[in-house]
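Chains as they are written, first to last, in this note's numbering: chain R, 15 to 242; chain C, 15 to 242.
No lab work stands behind these hints, which were simulated from the structure alone.
Don't take every hint at face value.
Copies of the same chain are indistinguishable here, so a pair counts whether it falls within one copy or spans any two.
[What the hints assert, rightly or not] In the DSBU-like style, the derived pairs of lysine-lysine whose C-alpha atoms are separated by at most 30 Å in a straight line are:
1. Lys219 / Lys97
2. Lys93 / Lys56
3. Lys56 / Lys162
4. Lys40 / Lys56
5. Lys214 / Lys188
6. Lys205 / Lys56
7. Lys179 / Lys40
8. Lys62 / Lys188
9. Lys205 / Lys162
Number of protein chains: 2
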Amino acid sequence: MPLYFIGLGLSNEKDISINGLEAVKKCDIVYLENYTSILNCKKEDLEKLYAKAKNVAFLVIGDPFAATTHIDLFLRAKKEGIKCNVVHNASIASAVGITGLQVYKFGKITSIPLENENIETPYDVLKGNLSLGSHTLFLLDLNPDEEKFMSVNDAIRYLLKVELKRNERIFSEKTLCVGCARIGSESQVIKAGSAKDLLKFNFGKPVHCLIVPGKLHFMEEGALELYS
Amino acid sequence: MPLYFIGLGLSNEKDISINGLEAVKKCDIVYLENYTSILNCKKEDLEKLYAKAKNVAFLVIGDPFAATTHIDLFLRAKKEGIKCNVVHNASIASAVGITGLQVYKFGKITSIPLENENIETPYDVLKGNLSLGSHTLFLLDLNPDEEKFMSVNDAIRYLLKVELKRNERIFSEKTLCVGCARIGSESQVIKAGSAKDLLKFNFGKPVHCLIVPGKLHFMEEGALELYS
Chain R
15 MPLYFIGLGL SNEKDISING LEAVKKCDIV YLENYTSILN CKKEDLEKLY AKAKNVAFLV
75 IGDPFAATTH IDLFLRAKKE GIKCNVVHNA SIASAVGITG LQVYKFGKIT SIPLENENIE
135 TPYDVLKGNL SLGSHTLFLL DLNPDEEKFM SVNDAIRYLL KVELKRNERI FSEKTLCVGC
195 ARIGSESQVI KAGSAKDLLK FNFGKPVHCL IVPGKLHFME EGALELYS
Chain C
15 MPLYFIGLGL SNEKDISING LEAVKKCDIV YLENYTSILN CKKEDLEKLY AKAKNVAFLV
75 IGDPFAATTH IDLFLRAKKE GIKCNVVHNA SIASAVGITG LQVYKFGKIT SIPLENENIE
135 TPYDVLKGNL SLGSHTLFLL DLNPDEEKFM SVNDAIRYLL KVELKRNERI FSEKTLCVGC
195 ARIGSESQVI KAGSAKDLLK FNFGKPVHCL IVPGKLHFME EGALELYS
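Turn these sequences into a full structure, and let the hints guide you.
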């Protein structure tokens with residue numbers, strides 16, 4: 015009896031693959047991991063679509079191993095000799111291609127935590143990526159229990175604040191940014207513009223992410239114009 | 015009538031999502047893009063699963079926009095005012111998380127073409143990524159029509175050859191590599207070891223990819239031990 019790791023994709027209950035759904039239906043015990051992202055449907059919508067046998071499934075929004083915590087569980091299960099089946103799915107790491115920025119040209123991904131008073135890692139990741147002309151994807155923290163989430167606007171304010179402290183001319187109000195909300199859902203919003211302009215824009219409900227592009231190919235420039 | 019861009023995921027006909035399948039079933043005309051990757055099922059298996067109405071679908075292995083050519087089509091359609099619907103799916107860019115290497119820590123992705131006589135870009139991308147401690151994913155070219163594909167072994171030989179020419183101590187027989195074949199399919203193979211060791215290993219059928227890790231976290235080291 016394998017342990018199943020099943021990606022749910024990015025938006026609603028029907029983003030699960032047919033392989034994923036068939037795997038869930040073989041399982042008695044199904045865990046849903048919903049502390050690193052938010053689905054655009056209710057847990058009850060998932061339950062309605064799934065029906066039950068004799069395995070354990072671990073459902074993860076996006077791709078099961080795009081975040082670090084789940085690979086740990088997978089490796090521990092493997093070490094104990096438990097057979098694992100994995101059903102991959104869409105992840106924000108590749109879905110950002112919808113912005114027209116080339117997925118190949120993204121550098122390290124970084125997260126901005128809600129509690130970021132003394133944290134400068136995201137700024138350092140941006141600095142490193144820019145040195146190679148790579149794009150930077152900032153994943154924005156959320157705390158569903160407390161209904162707190164970081165918006166694109168919060169992320170821009172955070173980067174401006176660190177810039178003020180570090181003064182290394184990595185990020186300014188003029189920096190071209192791409193703000194994204196609810197990528198992969200019907201209510202998806204993508205907006206390109208200067209940091210200053212995006213600060214005024216309301217992206218609506220979570221999950222948000224921010225991209226700071228590196229060196230742009232003319233095709234990427236053309237794409238961003240469509241979103242500006 | 016929107017134009018649909020539908021990701022097929024990484025392995026067989028059942029890796030399409032339920033949203034994806036429902037979209038295909040609304041379409042009269044369905045195009046399958048199969049020159050940038052290979053599915054582990056026949057076109058007939060897809061046809062059997064799909065049934066037909068009055069739209070156009072463009073099916074792409076993996077995620078529809080992880081490769082550059084498809085976003086171009088999407089943007090051209092948008093410019094012409096054609097409504098586009100996108101169904102994301104798993105991409106190799108995030109599925110590599112199964113190796114235990116953190117998806118966040120990958121730098122730019124690069125492709126090694128079959129015809130690579132005077133091409134050094136992949137080496138330069140590796141060099142840049144290593145300077146930041148980032149992991150490098152090499153996608154390996156294939157030509158399904160001519161049944162040619164680049165193996166992990168070919169890729170290692172290519173990097174050794176460029177190193178011999180450039181002599182910048184970026185890649186050697188001792189470099190730790192992770193060779194992957196058919197990620198996301200049941201016959202998936204992942205093998206970690208020195209370039210020299212992996213050169214002797216037979217990864218079997220395509221699609222292959224090669225990862226050269228950057229700076230490793232101890233959890234990543236532990237994961238790679240399981241694959242060595």
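Hint check:
1. In the homo-oligomer, the alpha carbons of Lys219 and Lys97 lie at most 30 Å apart only across protomers (23 Å), although the nearest pairing inside one protomer, at 38 Å, exceeds that limit.
2. Taking CA atoms no more than 30 Å apart as the test, Lys93 paired with Lys56 passes in neither setting, with 34 Å inside one copy and 35 Å between copies.
3. In this assembly of identical chains, Lys56 and Lys162 lie within 30 Å of each other by CA distance solely inside one copy; the values are 18 Å within and 46 Å between copies.
4. For the identical chains of this complex, Lys40 and Lys56 are neighbours both inside a copy (21 Å) and across copies (26 Å), given an alpha-carbon limit of 30 Å.
5. Taking the shortest alpha-carbon separations for Lys214 and Lys188, only the intra-copy value of 14 Å comes in at or below 30 Å, while the best inter-copy value is 52 Å.
6. In the homo-oligomer, the alpha carbons of Lys205 and Lys56 lie at most 30 Å apart inside one protomer (27 Å), although the nearest pairing across protomers, at 39 Å, exceeds that limit.
7. When the C-alpha separation of Lys179 and Lys40 is checked against a cutoff of 30 Å, the pair qualifies neither within a copy, at 54 Å, nor between copies, at 54 Å.
8. For the identical chains of this complex, Lys62 and Lys188 are neighbours neither inside a copy (47 Å) nor across copies (52 Å), given an alpha-carbon limit of 30 Å.
9. Within a single copy, Lys205 and Lys162 get their C-alpha atoms as close as 22 Å, which meets the 30 Å cut-off; across copies the closest is 41 Å, which misses it.
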